[in-house]
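Chemist: When you get a sec, could you build the whole thing from the sequences and use the hints?
Those sequence lines, one after another, are chains A and B. Sequence positions in the first sequence follow this note's numbering and run 1 to 476. Sequence positions in the second sequence follow this note's numbering and run 1001 to 1316.
Do not take every clue at face value.
Facing chain B, from chain A, some residues (calculated, C-beta under 7 Å) [what the hints assert, rightly or not]:
#1 S2
#2 F3
#3 A6
#4 Y87
#5 K113
#6 P270
#7 D272
#8 Q273
#9 E276
#10 K325
#11 N326
#12 D328
#13 D422
#14 S425
Hints in this document: simulated from the structure, not taken from any laboratory. Each residue gets a CB set at the ideal place from its N, CA and C atoms; glycine is no exception.
Below are the chains, spelled out letter by letter.
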Amino acid sequence: MSFEYAPAPESRSVVDLKSSYGLFIDGNWVDGSAHSFKSVSPATEEVLAEISEASDDDVDAAVKAARRAFTRVWAPMSGVERAKYLYRIARILQERARELAVLESLDNGKPIKESRDVDVPLVAAYFFYYAGWADKLDHAGMGTNPQPLGVAGQVIPWNFPLLMLAWKIAPALACGNTVVLKPAETTSLTALLFAEICQQADLPPGVVNIVTGAGDTGRAVVAHPGVDKVAFTGSTEVGKAIARTVAGTNKSVTLELGGKAANIVFDDAPLDQAVEGIVNGIFFNQGHVCCAGSRLLVQESVYDDVLTRLKQRMATLRIGDPLDKNTDIGAINSAEQLAKIRELSEVGETEGAERWSAPCELPDRGFWFAPTIFTGVSQAHRIAREEIFGPVLSVLTFRTPAEAVEKANNTPFGLSAGVWTDKGSRILWVANRLRAGVVWSNTFNRFDPTSPFGGYKESGFGREGGRHGLEAYLAH
Amino acid sequence: MASAPPHLLGEAAASPAALRRFLHGLPGVDQVGCEARTASLSTRSIKTTSKAWALDLAISTIDLTTLEGQDTVGKVRALCAKALHPDPADASCPRVAAICVYPDLVATARAALGDSNVRVASVATAFPSGRSSLDVKLQDTRDAVSAGAHEVDMVIDRGAFLSGDYQRAFDEIVATKQACGTAHLKVILETGELMTYDNVRRASWLSMLAGADFIKTSTGKVQPAATMPVTLVMLQAVRDFRDATGRQVGVKAAGGISTAKDAIRYLVMVNETVGDDWLDPAWFRIGASRLLNDLLMQRTKLTTGRYCGPDYFTLD
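Modeler: The following block contains the structure:
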């Protein structure tokens, strides 16, 4: 007997897709003055909509609108009143949760169970959390009367389109700043739906502006002299370019960049849960997670046991239609990203690591990559050093806690790490020595608005989330 | 435990100290992670053809149970009739796996079921508390078997287990297994009294090492009875035990599973934890009394497109 799950697709009818979208500037929809580009569903390569590309002039108009809104309306407004808008947005996000989740899965390729159970609930949670801060900034530990910075130029990635928007916009608005946000070119749709939600919430025009486009648009936002604050989440390479652009200006910057997190499993770990944590650490969101646990460090004495369990578990992962409620692994976001994952995986094989993929059928159309692990990996291998940003796990071993810490820290990145052990004292010993912004113990990839998130070294600087997240948007 | 050498397992039974060392050497269970896994499994969406398949499988895994002081011969006969034809209006409806009763009603159930393939299970060993002398427990078991029980559901000595006297709990299972003869032995851990998942894992291994054919969550007389996390830990235990020894042990979740939705969630968990090999009444059972009617109601809804009121389904 074998238990086959019949298709259980979430209905697309809840989403009202337009054939083309303009830019959201000063509370209005305007046509971009440059070209337009297409947004496709990575699962089927179906064209979802035409999207305007914002030119330098469009970005200029957006920044000016944000400046007007900042000086005339938003900064002078009391925190209590700003909070009302943020609470209203949070409630509308909850009311329209299904629509947002379906659109996110369509446009990004992530499974509906993640957009429904993780992304969208967290988006609302971040707005609720920062709404609560808006009238309490005097008590945030940043002086008696901290002031907003002005116009924030924000550039976000395609892996968690709406969640990254929430991480950027919620604290900025709570602190009294106005924003010009550029979503990633492959995943603009939920940001544009968010613009509709701003209208629905009667947010004053110009407080939130959404300019769509690719790298050029992002550069224009970052380089615009009217921008007081730059916030970026994305690759380390682009992060470095942004740091160069803003060098010598008065702009303050926060960067949240790449990672190559170590997930350390000690021999006294709760192994079944550790295996879940390994799977969640690297295969959550197809591994398109900056804090993904992409390097598994296993203590030698439990290596065989962990690998056996991990492979058994990986064989149960369901890959396919992102809108199917039983899908665990969705589509790779773009052809470009798929090519990068394939290239690095081939390098892994060439360098002598052993490749194993979960047995699964991949759909014919769209961008897909089977969950994959590499064993026999050493620190010198490229797959142990570079961020693959896909469902590919490098497995390394260690003998002593000191060796685990040494290997975990031996990377230019430092965003996150995981520690699995039943021994509390060891968790603290290891966590104190890891140079990573977030250390999870006996869990992985857990997010909460009250908790600060950010990196060491080339994983960036500044913190988002929690009270610490306010610092990036206040002069103090 | 794929790599545990068999001699270690033999050694585990060699002395109280070795048994204790072995059980405490099993990997721990992280409560938060374990419960998060079952919550995630519960979000599976089982529809249309797979729902029909799962409903039938759920019916066929039921140990249809009545364990009340007020049980009568008439009630057990009625229950047996229901076990043979759960839905009298639909011949394609599968039979349940077994009837589960107290030892004094085993003969009644055997007579009512005749030579059908529905098994008769009897609780024994001073069920549900297990607070009696070993002699009494073994006599209880022998009574049930001689009355014709195919399966015996025993309770472990929780007092001994919780006080750390693993050997005593172990020896009782060995003795009961012997008293069972050819009857299948299901060992009830009464997880509601074991308090931690670590204890559930240890009790599972202890029972399997002592010769259990099945490990079972609960008597149904203690709250909470079966829960998904507890059953998950037991499923992982039987999987690891087979990897280590080659012997397959069944799992029975008993008590508290009263809706078709819950039953399907358990089957999903079995499917994704131990796979096809356990998706069979020979290896997975659900002990329940109320569940069957909800399964029948959902089954009828699926075939006719309409819900019938509860009066269209027999009480027992």
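Chemist: For every hint, state whether the structure bears it out.
Modeler: So, going through the hints one by one against the coordinates:
Taking 7 Å as the C-beta cut-off, the interface hint given for A/S2 holds, the closest approach to chain B being about 5 Å. Interface restraint check for A/F3: the shortest CB-CB distance to chain B comes to about 4 Å, inside 7 Å, so the restraint holds. Satisfaction of the interface hint for A/A6 is found here, the shortest Cβ-Cβ separation to chain B being roughly 4 Å, below the 7 Å cut-off. At a threshold of 7 Å, the smallest CB-CB gap from A/Y87 to chain B is about 28 Å, leaving the interface hint violated.
Given hint, A/K113 at the interface with chain B, holds; its Cβ is 6 Å from that chain's nearest Cβ, closer than 7 Å. Checking A/P270 against chain B: minimum C-beta separation of about 4 Å stays under 7 Å; hint holds. Using the Cβ-Cβ criterion of 7 Å, the hint placing A/D272 at the interface with chain B is satisfied: the shortest such distance is roughly 5 Å. The criterion of a C-beta within 7 Å of any C-beta in chain B is met by A/Q273, whose closest approach is roughly 3 Å, and the hint holds.
Using the Cβ-Cβ criterion of 7 Å, the hint placing A/E276 at the interface with chain B is satisfied: the shortest such distance is roughly 5 Å. Interface restraint check for A/K325: the shortest CB-CB distance to chain B comes to about 4 Å, inside 7 Å, so the restraint holds. The restraint placing A/N326 at the interface with chain B holds, with a minimum CB-CB distance near 6 Å, inside the 7 Å limit. Against a cut-off of 7 Å between C-beta atoms, the interface hint on A/D328 is violated, since the closest Cβ of chain B lies about 9 Å away.
Hint status for A/D422: holds, given a least beta-carbon distance of 4 Å to chain B, under 7 Å. The interface hint given for A/S425 is broken, as the beta carbon of that residue sits about 15 Å from the closest beta carbon of chain B, more than 7 Å.
Checked against the numbered hints listed earlier, the structure breaks hints 4, 12, 14; every other hint is satisfied.
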